[in-house]
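Participant: Hey, can you work out the whole structure from these sequences and the hints?
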Amino acid sequence: MKDLWKTIFLVSASSLFMLSLAAQSSVAIDTTSIDDLKEAERNEEISAISESFGLSSDGEPVFGAQLFQGDFKDLSFSGFNPEYQVGIGDKIQAMVWGALQLELDLTVDPQGNIFIPEVGPIKVLGVRNADLNEVISEKVKRVFSQNVEIYANLASAQDVKVFVSGYVTRPGLYQGFASDSVLYYLDRAGGIDLNRGSFIDITVKRGGKILQKLDLYEFLGSGTLPLTQFQDGDSIFVGSIRNTATVMGQVSNPARFEFIDDQVPLYQLLELATPEATATHVSIKRQLRGRQEAFFFPLDEAREIPIEAEDEVTVTSRHVPETILVTITGEHEGEGQQVLTYGAILADAIARIRPSSRSDINSAQLFRESVAERQKQLLNQMLDNLERTTLNARSHTLEEAQLRLQESEMIIRFIERGRQVQPKGQVLLDNPQAAKDIFLEDGDVIYIPQKTKLVTVYGEVKFPNTQIFNPEYYIKEYIEKAGGYTDNAETDEIILIRKNGLVENVGTGRWVEPLPGDEIFVLPKPDDKTLQFAKDISTILYQIALSARVVIGL
1 MKDLWKTIFL VSASSLFMLS LAAQSSVAID TTSIDDLKEA ERNEEISAIS ESFGLSSDGE
61 PVFGAQLFQG DFKDLSFSGF NPEYQVGIGD KIQAMVWGAL QLELDLTVDP QGNIFIPEVG
121 PIKVLGVRNA DLNEVISEKV KRVFSQNVEI YANLASAQDV KVFVSGYVTR PGLYQGFASD
181 SVLYYLDRAG GIDLNRGSFI DITVKRGGKI LQKLDLYEFL GSGTLPLTQF QDGDSIFVGS
241 IRNTATVMGQ VSNPARFEFI DDQVPLYQLL ELATPEATAT HVSIKRQLRG RQEAFFFPLD
301 EAREIPIEAE DEVTVTSRHV PETILVTITG EHEGEGQQVL TYGAILADAI ARIRPSSRSD
361 INSAQLFRES VAERQKQLLN QMLDNLERTT LNARSHTLEE AQLRLQESEM IIRFIERGRQ
421 VQPKGQVLLD NPQAAKDIFL EDGDVIYIPQ KTKLVTVYGE VKFPNTQIFN PEYYIKEYIE
481 KAGGYTDNAE TDEIILIRKN GLVENVGTGR WVEPLPGDEI FVLPKPDDKT LQFAKDISTI
541 LYQIALSARV VIGL
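full-length UniProt numbering numbers the first residue of the sequence shown as 1 and each following residue consecutively.
Only true hints are included.
Pairs of lysine to aspartate or glutamate residues, derived as EDC-like cross-links and limited to a Cα-Cα distance of at most 16 Å, are as follows:
1) Lys436 to Asp348
2) Lys453 to Glu472
3) Lys462 to Glu480
4) Lys123 to Asp109
5) Lys123 to Glu134
6) Lys462 to Glu490
7) Lys213 to Asp201
8) Lys285 to Glu308
9) Lys476 to Glu513
10) Lys462 to Asp487
11) Lys499 to Glu519
12) Lys91 to Asp105
13) Lys476 to Asp492
14) Lys205 to Asp232
15) Lys481 to Glu519
16) Lys139 to Glu149
17) Lys285 to Glu312
18) Lys462 to Glu477
19) Lys453 to Glu519
20) Lys451 to Glu331
21) Lys424 to Glu369
22) Lys91 to Glu103
23) Lys141 to Glu118
24) Lys476 to Glu460
25) Lys451 to Glu519
26) Lys91 to Asp159
Treat the hints as calculated values from the structure; they're not laboratory data.
Facilitator: Set out below in structure tokens:
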């Protein structure tokens, strides 16, 4: 996603810069036109890049999207199927031996004939490829009844031009062979529009009449694709999406699926999504009368349940594990991992830890993968909002546009660094007694810190360092011994990270006394005089400090 948004910004920013240069030669600046053009271009780039990842504009994977990545249009002509019917302009190779010896390269003429010397014209238009050799041999042997053999086969097909229209990325007229598949021409047109086009409502027309209707889900599900022999002027029309529902969770193909009728049996979607072997249940979220309802069923009882438009189906497993695995890190002398019964609490794990003389059990910290994932989601949401706000910012003068361009470049770099941050997923244990009753989850990590007499100072100070604890020092003394604040320091919101992981915003911290093992963290201060979104950036910096214990600069 980071690279995706970077691409979006660079395209939008470069376009804005070129518009700014053009505007310098004009007396008046039409800022509305510039802004509208930026917005349209940005939306086009978002849509194009999303589709390159097989996603709709709202970020949902679309079933079948990976069909159109250029693989079909790049395939060279590889021969004819037996059902192919000979057409005008096709090339036929014929070899005659025996009493008459000939090697012929023949072209089907506008009357549908080929011409063989001493035999004359032979009608081959509409003949099946599988029958071609027999038809030609029969005609030759009427003239040469004895001691003449012939072998004929199709060499190449006549080029045809086919219209591709409807909800595809690049509607137009495309050249190919008569024997090329529908997928070839759709791929030439950039594939189906993932936001509007249907994978199950595709029509091939000839002379204004429907020649064939195709459902690509049949191809994706079973490999079945009806063969179409194209002629000049044929058209392929991709209809619009009618109804969709998503199937996620424990399935091999999580995606958005479409269907034509108002309802579709769940099993039809599950056949495409392919539940995993461990899946046992299914939940269905549905909007009913303006509010969301949820239903939960055993998977084997839910096959015939009707799915409606906009339903969200999640396939899950209700398997309850008998044991969980917890990792113990930090200062201790016991095993690095504990296998506990499902339902064990933190106190159970603590009781089994063999501490060393330097272990500070009372400051134990708990880290959880699900918490880290949620922290990452929240951080990405804030970064997405900042990016969206930055790219949508409007400028009313040329000078302001140039200033905003420079500012946007700096903010986008900040957003890129922010996306690389990996939250730690710490569960804060600010109430030691209550914390011991926390249920543990599989994969939890318990960290046992060392007993220490040190205090660490880092962030926006001149000389980040670790100092010996002094009971007479407040935060300001520790910062002074770290060289004082940098010019970029946020001096009114000092972060104090306690030894047990608890994070406190202590303001200036003037009269706050750190304890042994604490960390003093000074955030950078965005320049609110020049940066349009300084407040948003400050909030993100604070959240990064809370979740990941790192500081990133602008």
